[in-house]
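Once you have looked at the hints, place chains G, X and V on chain F.
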Amino acid sequence: MDFAFTPDQLALAETVRDVLTEHCPASALRSERLPAWDRLAAVGFFGLLVPPEADGLGLCLVDALPALEETGRACLPGPVVETAVVAPYLLPGVPKLASGAVRVSVVPPGGAGAPDADLADLIVVAAPSTRGRDGGAVVVGREAARLRPLPGPDPCRRLSEVTYTESTPLDRPLAPALRAATVATAAQLIGVARRLLEVSVAYARSRRQFGAPIGSFQAVKHRLADVAVAVAFAAPLVHRAALAVEAAVPDAGLEVRAVPDVGRDVSAAKAAAGEAADLAARAALQTHGAIGYTEELDLRFWLARAWSLSAAYGGAAEHRARIREALAGGDLRRYP
Amino acid sequence: MDFAFTPDQLALAETVRDVLTEHCPASALRSERLPAWDRLAAVGFFGLLVPPEADGLGLCLVDALPALEETGRACLPGPVVETAVVAPYLLPGVPKLASGAVRVSVVPPGGAGAPDADLADLIVVAAPSTRGRDGGAVVVGREAARLRPLPGPDPCRRLSEVTYTESTPLDRPLAPALRAATVATAAQLIGVARRLLEVSVAYARSRRQFGAPIGSFQAVKHRLADVAVAVAFAAPLVHRAALAVEAAVPDAGLEVRAVPDVGRDVSAAKAAAGEAADLAARAALQTHGAIGYTEELDLRFWLARAWSLSAAYGGAAEHRARIREALAGGDLRRYP
Amino acid sequence: MDLDFTRAERDFRAEVRDWLARHVPERPPSMDTPEGFEAHRAWEALLASARLSAVSWPEEYGGRGASLVEWLIFEEEYWAAGAPGRVSQNGIFLLAPTLMAFGTEEQRRAWLPGMARADQVWAQAWSEPEAGSDLAALTSRAERADGGWRLYGQKTWSSRAAYASHGFGLFRTSGARHKGLTYVMFPLEDVAVRPVAQLDGLPGFAELFFDGVYVPDTMVIGEPGDGWRIAMAATSSERGLTLRSPGRFLATADRLVALARDADPALADRAARCWIDAEAYRLHTFHTARRITAGEEIGPASSMGKVFWSELDLRMHGLAMELLGERAGTTPWLDGFLFALAGPIYAGTNEIQRTIIAERVLGLPR
Amino acid sequence: MDLDFTRAERDFRAEVRDWLARHVPERPPSMDTPEGFEAHRAWEALLASARLSAVSWPEEYGGRGASLVEWLIFEEEYWAAGAPGRVSQNGIFLLAPTLMAFGTEEQRRAWLPGMARADQVWAQAWSEPEAGSDLAALTSRAERADGGWRLYGQKTWSSRAAYASHGFGLFRTSGARHKGLTYVMFPLEDVAVRPVAQLDGLPGFAELFFDGVYVPDTMVIGEPGDGWRIAMAATSSERGLTLRSPGRFLATADRLVALARDADPALADRAARCWIDAEAYRLHTFHTARRITAGEEIGPASSMGKVFWSELDLRMHGLAMELLGERAGTTPWLDGFLFALAGPIYAGTNEIQRTIIAERVLGLPR
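Chains as they are written, first to last, in this note's numbering: chain F, 26 to 361; chain G, 26 to 361; chain X, 6 to 371; chain V, 6 to 371.
Don't take every hint at face value.
[Stated by the list, open to error] Pairs of lysine to any residue, SDA-like flavour, derived with a Cα cap of 20 Å:
(1) X:K184 - F:F235
(2) X:K184 - X:I235
(3) X:K184 - F:A66
(4) V:K184 - V:A141
(5) X:K184 - X:G158
(6) F:K121 - F:A66
Keep in mind the hints are simulated off the structure, nothing from the lab.
Chain F with its partners taken away, still in its complex shape:
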């Protein structure tokens, strides 16, 4: 039992944070579709989860989690989770995946579309959702796909409906990859929420009304405190889920660790992270007042990201319904 990120895991996040601070500033969100991707590729980000035999680092999801949180913090555009997390699970044999030269997008089961599919080389399209069952998926090359843009709130995470002429069936199970994608998205949401909170605190310290910084008013303080609490208690659920996703597979070196219900842990993480980010977005808007609504303020990118990622890979209500069903089954054992 050592429930804290290791120095290596934190150092990786620090590296990613530095890259993103330099190469994905808020101004880049207005002008570039894929800021910082090449730089992230250069530090090995897209090979973290790729097996060593395919030139990756063969790390676990939990190792990449703080780094993924940084991509949320920076509001990094592009199919990040799909390329860095889903692809190593489903397409580990695709050449150059680890180098970041291949971008992947995904239409999850029941999903409306694929994020940033126009920037992807390969698109994984899941069979229509069959409630809990793994209906399989196919891989579609970009040139064989027809994309129809879906309007949505997030200018930096554009969804497209995907139809296609040719496809290759996937021979790997979809469910573990989707669980990992859901947890990775939850980690990004934690990053988005933390950034929204930081920005709101900074604004509340500087903006003055009625002769005092608005951050000195109890209503503002308590609202932002509530966001801090929500984020603080959502994050460990996300970290646990990342461990559960891997621990559900027996490890040769250790005894088999008992994860009673990985899906339940994953849903708990996504629901809590999505709700924390939503609360952070509301609080950010209420703190900023009308200026928060303007296109001029960078805030809007993080608001949009909070909303788009909350809906990605299932919304909070959907995940809680799954948790409810799991609990109704009567197995209340916990991991750990």
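Showing chains G, X and V alone in chain F's frame:
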């Protein structure tokens, strides 16, 4: 359209309020089981809804509503709603009902017990609930009933399980009486909530901490403002329900008024009033701090009443489930 | 107490419903685009042709002298019919009540009929960069000029200003804080207008820069220096009945319940709660209308309505976002959600409203 | 990062679970009745006989030197087994950490073993009638006397004091506000104790009246005048790990989910949320334990835990009240609800906690 109480209706409430202020002070709640009942009887309170042919005033439920709210405001003990509202519907022929000489208690369908049954002369016992259907009821004389006290939060509204040896079947439909009882209880809850708010405001004005009255702190202000809002928007639902209960019956003098779904309106009133009272109770406790928990403070009587009446005639969740079902049926027409 | 509509009220509802069924256009483009603005103006003119753009005004100004209850009925029918948003909102519901209460007969005759027909469209201009929630901190000023005033300074969050023809707001003529503010109408043609794009990318607001714009005395409402009192009366009506009529929320609630019909019961339950809350707002408003008709002052109690409807609107649209997930953008709910997010902020933030309720309704100490 | 328990931790859990399964008594009467108090004391003595009353203490004081994680495991098993509330709570979880950090070795030897066996039961005495949330406003005082101090003044909300043998609290020896307060232990036998009945009619608290009670210097913890700093360290531990371990809420959440299993889905959904929140609190605490073990200061972040668990506890019990309706009083949930209602108030109200989070964690201005 004239959605406000008439001077007559308000004058009646004023009379009841005066009686209760004098004869049902908080101190009486500690020492008496039936404070102010004789005085209320003397001003005709128990005959308000009794038909004129049985010596009553033959008024409508809405006429008595502000007066019923006063009984909640005063935390009046005894089976008030059962005697003043249910009995005129179900037992209009019982002699001396209008004079207040006969007290009635009720075990509603699915209810755990009868309130203050040991003080009642007659107990109406509904058949076990058959979800929406009127299973009928019987009347039991006090001497034929065996009472087993049920522990509960409210020392001034004690519930008893009722078993009996002899009973008389009721020949009147139970549903209209239960709807009226539910609305009357909702009106009492509004009264309880208003009193809790007043007491909390008074305490917040006088209690000082950190060198200022606690009512000057934004957190306290905003919490009490939320209570005021909840009460202000629950009350009209209760008033509408009282009109709907009567308007569902065609009136010779007027055209038939369309009440699409009386049960839905009644459930809306009870759910909203119960939740407003619950919010008022929480806010009262948080405002008073630890002293709010003490037996010495009168506050506890109103807290207990908020909880006991919230559960009486169905809790908020139960009523909202009924509303949900009604809406799922697709009839979204409103009254008026 | 009764809740039954009179024969006249029912007839009025039938007439409005019938007219709307025959005239409501397909959803026009956003009023914050040039073509959408013109489409909305044309719609206002069509409404005016049936004397339906401002039903509660006296006939001589273009209304039909409808009662408050009739106005509420109009609003219910209007939003239930899916009719377009009101591009004349600022004029009809904010400026007009002020002209009725504080303007001269000449001012009313000069401006109200054109407002009813949307010949002029009005922008409001309350806020300034350093005076958002704290209106008394305004610094824009009006300086005495021959037979009128010259306006200097900057306004922000001026809704509709990107395309409107006129505006109104407070300008400082003397004094500090609440004192010495003057209520001024002005044409926008001589004002520098910088549109401000919102989350949806469209300029729902603008910044206004005044560099000596001249307005004659006839454009001042009430006495110079009396603007704060006049504006507060308007703000009170803004927060009260006229800003957000129940009809809008009833229509939203109906659509939400339909959207949630086959949803997870936990979500359907939240929809049911919203639907009931919309009813509560409607009933509460009938009661308020009764009080106003009886000559009562509503005063700070209108803050309760502001808190209630703005949070209800946000809950409804937030729930719709949850129900629709990634498909929300293909429906009008996403735009509605972005609009609803502003509810707790504009027309006095909900924090300010709660403080007003606490201090002025409940009597808690400042 | 990993979440797997070591072999030793799993063995410890198995031992505790087994012992509890064999020894947990039927629900005793409330510890706020004379017979219930004695029953709870007897239970503490039985726990102590298995070195389970204070597992994290060093062996020489009656503990078994358990790690923080082991202590959390103990708590999970303890509450899952339905074991009684801890009548020694104030001593073991509030006073003992203070003695460990600020007491002398003599004080520890004098008091800890007896505390572990419940030979002495301790009441806390922080609040005063005019200093509830504002502890710095304390006026009770300690006056210098030969080889010790004489205590004067009044304390209130002293939990357990109706039946306890000893108490501890702050007394003013000089200065104003935070300065000049001294941390004093005292026997209750010479203190006038007025029990205060709670909502449930039982004296969970008492008022204490001091009229010159003499305590020797050995009953002062730390230096005279240094009490505020010492108490704040204890309050921080009160708010952090030791006041409300996750085990309590996990057990409640399990029972709640079972209670809601056949309930309306809207209620079952709320139960599911509570269950997950209890897990979140557990995981967060594992992380905190790791930080403490690594020598980090938790500091004001512990306020987040206080807000979270107290509101979770109230949501869980409030939901149970809704699920049970008028039958709640026939179950332990009603008492649990009344107890949970105090959560947002005691150990620093949640308003104060939120202000601490805002100012000291987020850095917002005072």
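Evaluation of the provided hints:
1. X:K184 - F:F235: It holds: about 16 Å lies between the C-alpha atoms, which stays within 20 Å.
2. X:K184 - X:I235: OK: K184 (chain X) and I235 (chain X) at ~12 Å, within 20 Å.
3. X:K184 - F:A66: 62 Å, violated
4. V:K184 - V:A141: Between K184 (chain V) and A141 (chain V) the Cα gap is close to 8 Å, so the pair holds against 20 Å.
5. X:K184 - X:G158: Since the Cα atoms of K184 (chain X) and G158 (chain X) sit roughly 18 Å apart, the hinted pair holds (cutoff 20 Å).
6. F:K121 - F:A66: 11 Å, holds
When held up to the earlier numbered hints, the structure conflicts with hint 3 and nothing else.
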